[in-house]
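K.L.:
First to last, the protein sequences are chains B and E.
If you use the numbering used here, the first sequence corresponds to residues 221 to 446, in order.
If you use the numbering used here, the second sequence corresponds to residues 73 to 503, in order.
Because the hints were derived from the structure by calculation, they are not lab data.
All residues carry an ideal CB built from backbone N, CA and C; glycine is no exception.
Do not rely on the hints blindly, as some may be mistaken.
Unchecked claim - Pair by pair, the computed Cβ-Cβ distance ranges are: (1) Lys340/B to Ile401/E: 35 to 41 Å; (2) Thr186/E to Leu387/B: 55 to 61 Å; (3) Gly438/E to Glu342/B: 52 to 58 Å; (4) Lys159/E to Lys340/B: 54 to 60 Å; (5) Lys246/E to Lys340/B: 24 to 30 Å.
Claimed, not checked - Computed far set for chain E versus chain B, every beta-carbon distance over 12 Å: (6) Trp214; (7) Ala275; (8) Arg276; (9) Asp430; (10) Thr456.
To be verified - Sample of chain B residues with no beta-carbon within 12 Å of chain E, all distances over it, derived: (11) Lys243; (12) Arg244; (13) Leu268; (14) Thr269; (15) Glu274; (16) Pro276; (17) Lys297; (18) Glu308; (19) His371; (20) Gly399; (21) Ser413; (22) Ser423; (23) Pro424; (24) Thr427; (25) Tyr441.
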Amino acid sequence: MKWGMVIDLQKCTGCGECVAACKRENNVAIVEPKESAMGRTMLWMDMLTIYEGEYPRLRVRQIPRPCMHCDHPPCAKVCPVRATYINEEGIVAQIYPQCIGCRYCMAACPYTVKSFNWYKPEWSPGIRNTANPDVSVRPVGVVEKCTFCVHRRQKAKEQAKSEARELREDEYQPACAEGCPTGAIVFGDLENSRHRVNHLAHSPRATRLLEDLGTEPKVVYLKEGD
Amino acid sequence: MKKVWAFLKGCFVLMRKGSNIYYAWVTFLLVLMVIGTLAYINQLYSGLIVTAMRDQVSWGFYISNFTFLVGVAAAAVLLVIPAYVYKWKPIKEIAILGELLAVSAMVMCLLFVTVDLGRPDRFWHLIPKIGILNFPQSLLAWDVVVLNTYLILNFVIAGYMLYSLYYKREPNMKYVLPLLLFSIPAAISIHTVTAFLYNGLAARPFWNASILAPRFLASAFCSGPAFMILLFQVIRKWTNFEIKDEAVFKVAELIAYAMFINLFLLGAEVFKEYYSDTAHLAPMKYLYQGLNGHNDLVSFIWTATFFNVTAFLLFLIPQTRENFITLNIGSILIFIGVYIEKGMGLVVPGFVPDVLGDFYEYSPTGIELLVTIGIWATGLFVYTMLLRIAVPIMNGDFYVGEDGVHPYIGDQLFLVRRAAMHEKAPDLLSQ
Chain B
221 MKWGMVIDLQ KCTGCGECVA ACKRENNVAI VEPKESAMGR TMLWMDMLTI
271 YEGEYPRLRV RQIPRPCMHC DHPPCAKVCP VRATYINEEG IVAQIYPQCI
321 GCRYCMAACP YTVKSFNWYK PEWSPGIRNT ANPDVSVRPV GVVEKCTFCV
371 HRRQKAKEQA KSEARELRED EYQPACAEGC PTGAIVFGDL ENSRHRVNHL
421 AHSPRATRLL EDLGTEPKVV YLKEGD
Chain E
73 MKKVWAFLKG CFVLMRKGSN IYYAWVTFLL VLMVIGTLAY INQLYSGLIV
123 TAMRDQVSWG FYISNFTFLV GVAAAAVLLV IPAYVYKWKP IKEIAILGEL
173 LAVSAMVMCL LFVTVDLGRP DRFWHLIPKI GILNFPQSLL AWDVVVLNTY
223 LILNFVIAGY MLYSLYYKRE PNMKYVLPLL LFSIPAAISI HTVTAFLYNG
273 LAARPFWNAS ILAPRFLASA FCSGPAFMIL LFQVIRKWTN FEIKDEAVFK
323 VAELIAYAMF INLFLLGAEV FKEYYSDTAH LAPMKYLYQG LNGHNDLVSF
373 IWTATFFNVT AFLLFLIPQT RENFITLNIG SILIFIGVYI EKGMGLVVPG
423 FVPDVLGDFY EYSPTGIELL VTIGIWATGL FVYTMLLRIA VPIMNGDFYV
473 GEDGVHPYIG DQLFLVRRAA MHEKAPDLLS Q
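Make a model of the complete structure from these sequences and hints.
P.N.:
In structure tokens, the structure reads:
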């Protein structure tokens, strides 16, 4: 079993719902505008905007960027205390109580997916009440990142187990995939031939970010046609 | 064991004695240490938000200082090799000063790493068996191992030698020599491992060059000895410890070779990046020319380059190398030059521009500067204290008394201006 994601850039409109859904689902701290302007915005799912060419031939690409959950994660290799590791289902996880905050993994990650808690996240009373009880909030001084909503896998797995059956594809979907209005984000088991990602990942349009680094990302992008 | 306690007690008695200048100097350092501690408490309380680091540039001034100081510590080996491999007497007399400098520099290194941690309260996760040290996979784990080994090694060697001298015994070279010889590869390893720490990251093209570790070593053998040349002159001017001119000049000569290799390797890297002109040129362009209007580091790196080349020429020509004015100018230039090159000039371009082409120009905040000053003061404080013990012992002014328990302290002042002492001495004799 190898969880993976396919993001079809042809279908993606760049609306940003995946970014918002992720932020709500995972209790990602809301950073003050001042700090945000200084580059301390915390997003597990980020929307990269790439400008190509100049006006009038300007072209803007929007690329949703979660953690790539690399099969050879550079971040897990460098962590001095094994706070970040790849689990048996291919999800790259971060153990917050183990992290010492050295930020070596941030230097090692080619996709800049890791966020550091530069200060103690503050939750206004209104927002605190809407927090997701399934996801722990992170303390100051640790690194955090996208987990493919691993808590949803946990729930779905337990449900399936109690009903003595296999986990179905649609039971475990991360918040971004669930929220995407155009269905551009597809999630599933890359090794299971009945899952849609398995087919899509072998599409001729399939590509991965910075493939030459040998990280073997499990997030696959489908290129835009012209 | 009782003897060790008596020795330590004697050392504490000794450390409390000194001239007014000694007291003033130590008080000055303590004040800076307190300021640094207060700044650090502020950082602990608010989080690393008080620094200028952020997700794009996640390492900054602290790690720059750390990298530079690992080099200073590694350079002690430049005294150990001539002293114990080639048995050259003028340097053998002062090799212990190099080992003590390595101890002080290692203390600073460990402090710099600690203040950079987001969760220093969890440092024990790095202790094998108690925590989970990701050894041998993580280079940071390697660094923890080699830095501590090197610190303990130098502390034990210097401590044992001084302890033996205190009890007026010849140090048993059967034990010391293997340790001394082991300290040579250990010194090389600390800087190699620190270079590999950066080197191994495929995501950062500026660091991911196989020439990085040799460059680290070459620059370390410049900056550390240059710092030592300056310290030696201060020591022989302000304490009554003799350091021969030829020892100083020999160290300067070694710097000239090391600086040549350093500049050559730098040239090799600049050529490769600029001639092949791939996307990986961007960080180097940012460093040397500025990129897309971002040019914070440009003036710094050219200053460093100019300083290093000038110092190389000063140290290459025997006339300027053996003239104390030009020698000191050269040492200061090298110290600053390498501090920029192996500090901010190395760490920041690793992150800028990031993989997505974003720029964030990092420059340290006031808190970062205060904490850094505090740590440097701590290092100098440690070195002063170690010298306070080592110098009188080596001069024969501090040894165990007749009763075998209480120490004899001949050198009550420690820090005094030498010139003044020399002038007074003949007067006293003539009366």
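K.L.:
All hints, please: hold or fail.
P.N.:
For each hint, the structure was consulted:
Separated by about 48 Å at the C-beta atoms, Lys340/B and Ile401/E break the suggested range of 35 to 41 Å. Distance hint for Thr186/E and Leu387/B: a CB-CB separation of about 44 Å, inconsistent with the stated range 55 to 61 Å. The supplied range of 52 to 58 Å is broken by Gly438/E and Glu342/B, whose beta-carbon atoms lie about 24 Å from each other. Remark: the range hint 54 to 60 Å for Lys159/E to Lys340/B is upheld by a beta-carbon distance near 58 Å.
Here the CB-CB span from Lys246/E to Lys340/B is close to 56 Å, at odds with the stated 24 to 30 Å. Separation of Trp214/E from chain B is inadequate, the least Cβ-Cβ distance of about 9 Å not exceeding the 12 Å criterion. Residue placement check: Ala275/E does not keep its beta carbon more than 12 Å from all beta carbons of chain B (closest about 3 Å). The claim that Arg276/E is not at the interface with chain B is violated, since a C-beta of that chain comes within 12 Å of its own (minimum 7 Å).
With a least beta-carbon separation of about 8 Å from chain B, Asp430/E fails to lie farther than 12 Å from that chain, contradicting its non-interface assignment. Every beta carbon of chain B lies more than 12 Å from that of Thr456/E, the smallest distance being close to 30 Å; the non-interface claim holds. Here Lys243/B stays apart from chain E, with its beta-carbon at least about 16 Å from theirs, past the 12 Å limit. Even its closest Cβ contact with chain E, about 21 Å, leaves Arg244/B beyond 12 Å, as expected for a residue assigned away from the interface.
Distance check on Leu268/B: its Cβ comes as close as 6 Å (rounded) to a Cβ of chain E, failing to clear the 12 Å threshold; non-interface status is violated. With a least CB separation of 10 Å from chain E, Thr269/B falls inside the 12 Å interface cut-off, contrary to its annotation. No Cβ of chain E comes within 12 Å of the Cβ of Glu274/B; the nearest lies about 14 Å off, and the non-interface call holds. The non-interface label for Pro276/B is consistent with chain E: the shortest C-beta to C-beta separation is roughly 22 Å, beyond 12 Å.
Taking the minimum C-beta to C-beta distance to chain E, about 6 Å, the non-interface status of Lys297/B is violated against the 12 Å cut. Residue-level check passed: Glu308/B sits 18 Å from the nearest beta carbon of chain E, beyond 12 Å. Separation of His371/B from chain E is adequate, the least Cβ-Cβ distance of about 23 Å exceeding the 12 Å criterion. No beta-carbon of chain E comes within 12 Å of the beta-carbon of Gly399/B; the shortest separation is about 23 Å.
No beta-carbon of chain E comes within 12 Å of the beta-carbon of Ser413/B; the shortest separation is about 32 Å. Taking the minimum C-beta to C-beta distance to chain E, about 25 Å, the non-interface status of Ser423/B holds against the 12 Å cut. Its beta-carbon lying about 25 Å from the closest one in chain E, Pro424/B satisfies the requirement of being farther than 12 Å from that chain. No Cβ of chain E comes within 12 Å of the Cβ of Thr427/B; the nearest lies about 16 Å off, and the non-interface call holds.
For Tyr441/B, the shortest C-beta to C-beta distance to chain E comes to about 15 Å, beyond the 12 Å cut-off, and the non-interface label holds.
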